[in-house]
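There are 2 protein chains.
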Amino acid sequence: MKLITRDSDYAIRALCFIAKSKNRIVNVSELTAQLKIPRPFLRKILQTLNKNGLLYSYKGKAGGFELAMRPNKIFVLKIMQIFQGELKLNECFLKKAPCPNVKRCKLKKKVDKIQEYVFRELKVVSLSYLMKKRA
Amino acid sequence: MKLITRDSDYAIRALCFIAKSKNRIVNVSELTAQLKIPRPFLRKILQTLNKNGLLYSYKGKAGGFELAMRPNKIFVLKIMQIFQGELKLNECFLKKAPCPNVKRCKLKKKVDKIQEYVFRELKVVSLSYLMKKRA
DNA sequence: AGATAATGATACCATATTAGTATCATTTGT
DNA sequence: ACAAATGATACTAATATGGTATCATTATCT
Numbered sequence: 001m002k003l004i005t006r007d008s009d010y011a012i013r014a015l016c017f018i019a020k021s022k023n024r025i026v027n028v029s030e031l032t033a034q035l036k037i038p039r040p041f042l043r044k045i046l047q048t049l050n051k052n053g054l055l056y057s058y059k060g061k062a063g064g065f066e067l068a069m070r071p072n073k074i075f076v077l078k079i080m081q082i083f084q085g086e087l088k089l090n091e092c093f094l095k096k097a098p099c100p101n102v103k104r105c106k107l108k109k110k111v112d113k114i115q116e117y118v119f120r121e122l123k124v125v126s127l128s129y130l131m132k133k134r135a
Numbered sequence: 001m002k003l004i005t006r007d008s009d010y011a012i013r014a015l016c017f018i019a020k021s022k023n024r025i026v027n028v029s030e031l032t033a034q035l036k037i038p039r040p041f042l043r044k045i046l047q048t049l050n051k052n053g054l055l056y057s058y059k060g061k062a063g064g065f066e067l068a069m070r071p072n073k074i075f076v077l078k079i080m081q082i083f084q085g086e087l088k089l090n091e092c093f094l095k096k097a098p099c100p101n102v103k104r105c106k107l108k109k110k111v112d113k114i115q116e117y118v119f120r121e122l123k124v125v126s127l128s129y130l131m132k133k134r135a
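Respectively, the protein sequence lines represent chains F and E.
Take 1 as the starting number for the first sequence in my numbering and just add one per residue.
Take 1 as the starting number for the second sequence in my numbering and just add one per residue.
A hint or two may mislead.
Dumping the calculated DSS-like pairs for lysine-lysine here, alpha-carbon to alpha-carbon at most 30 Å [claimed, not checked]:
no., chain 1, residue 1, chain 2, residue 2
1, F, Lys36, E, Lys88
2, F, Lys44, E, Lys108
3, E, Lys109, F, Lys2
4, E, Lys73, E, Lys113
5, F, Lys106, E, Lys36
6, E, Lys51, F, Lys108
Cβ-to-Cβ under 7 Å is the rule here; a few derived chain E residues that face chain F [claimed, not checked]:
no., residue
7, Leu67
8, Leu107
9, Ile114
10, Tyr117
11, Val118
Please keep in mind that the hints were generated in silico from the structure rather than gathered at the bench.
Positions of the beta carbon are idealized from the N, C-alpha and C atoms, including for glycine.
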């Protein structure tokens, strides 16, 4: 089971690279060369990031992408939400009718608690944090 | 994303029901009637639990299943491992070559920390715990 | 103006995982 | 012998994941 899927992972890497290229416009060719991510897949990912307001894009020759906000305002959790939807570890329980009995409620409570923990931990991870050299 | 898949969930419910039916052999018909789980799917699940040593099974007329150990020795984490494999939240990172750079390592460390937490939380959840009436 | 090089939009495809079904063999109590 | 239970195993359906492919649009450069 993956907490972070491939597209989220690629998005994080691409955003970090773009973040490091301050005040420059970065295009897909440069990104694929550096990150070894399949070009058409990366294009789709960047377009999604653009639609969701994390990137500005520029069309035409010499076009490309740049961050739409500062790296300390871009969080991994947000990226995961874009590509993986809202974080819900207890999906299989919610789809069902209300808990038929006590045991399921107790299990659901555990999972809810875990989910809150994951949320808290990931909420604070920004691009800046990921790029810092030392802990 | 589901932390607990459908088969694990069904397995937990079935085991709880069997646990409540102390010193009795419970058959599939009774379980499907009570738990509303598709019969052939439940059969497969019970067979898996038997192979993994959580249930004893009895063939032939008047056959069925009973717990192979006490409910306080059967843990949700074990059940998840049987149906979902070892808990590894960081799969997508491990499949890749060693972290290409610092940022990925920091993200992996976060995910590792989360995974340890999930492990600790689920490790202690037994059938007995789930069946207790009050917290 | 036209060629070129970039992204935008969208539809399609491949693979893996999840969630089951179906069937026949074997065992056991009556 | 028969009926009622599980064992073993192969198959199928639905969904999620990880991509490709193609054409439209826009901007720059000559």
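**Q.** Violating hint indices (sorted, rising)
**A.** 7
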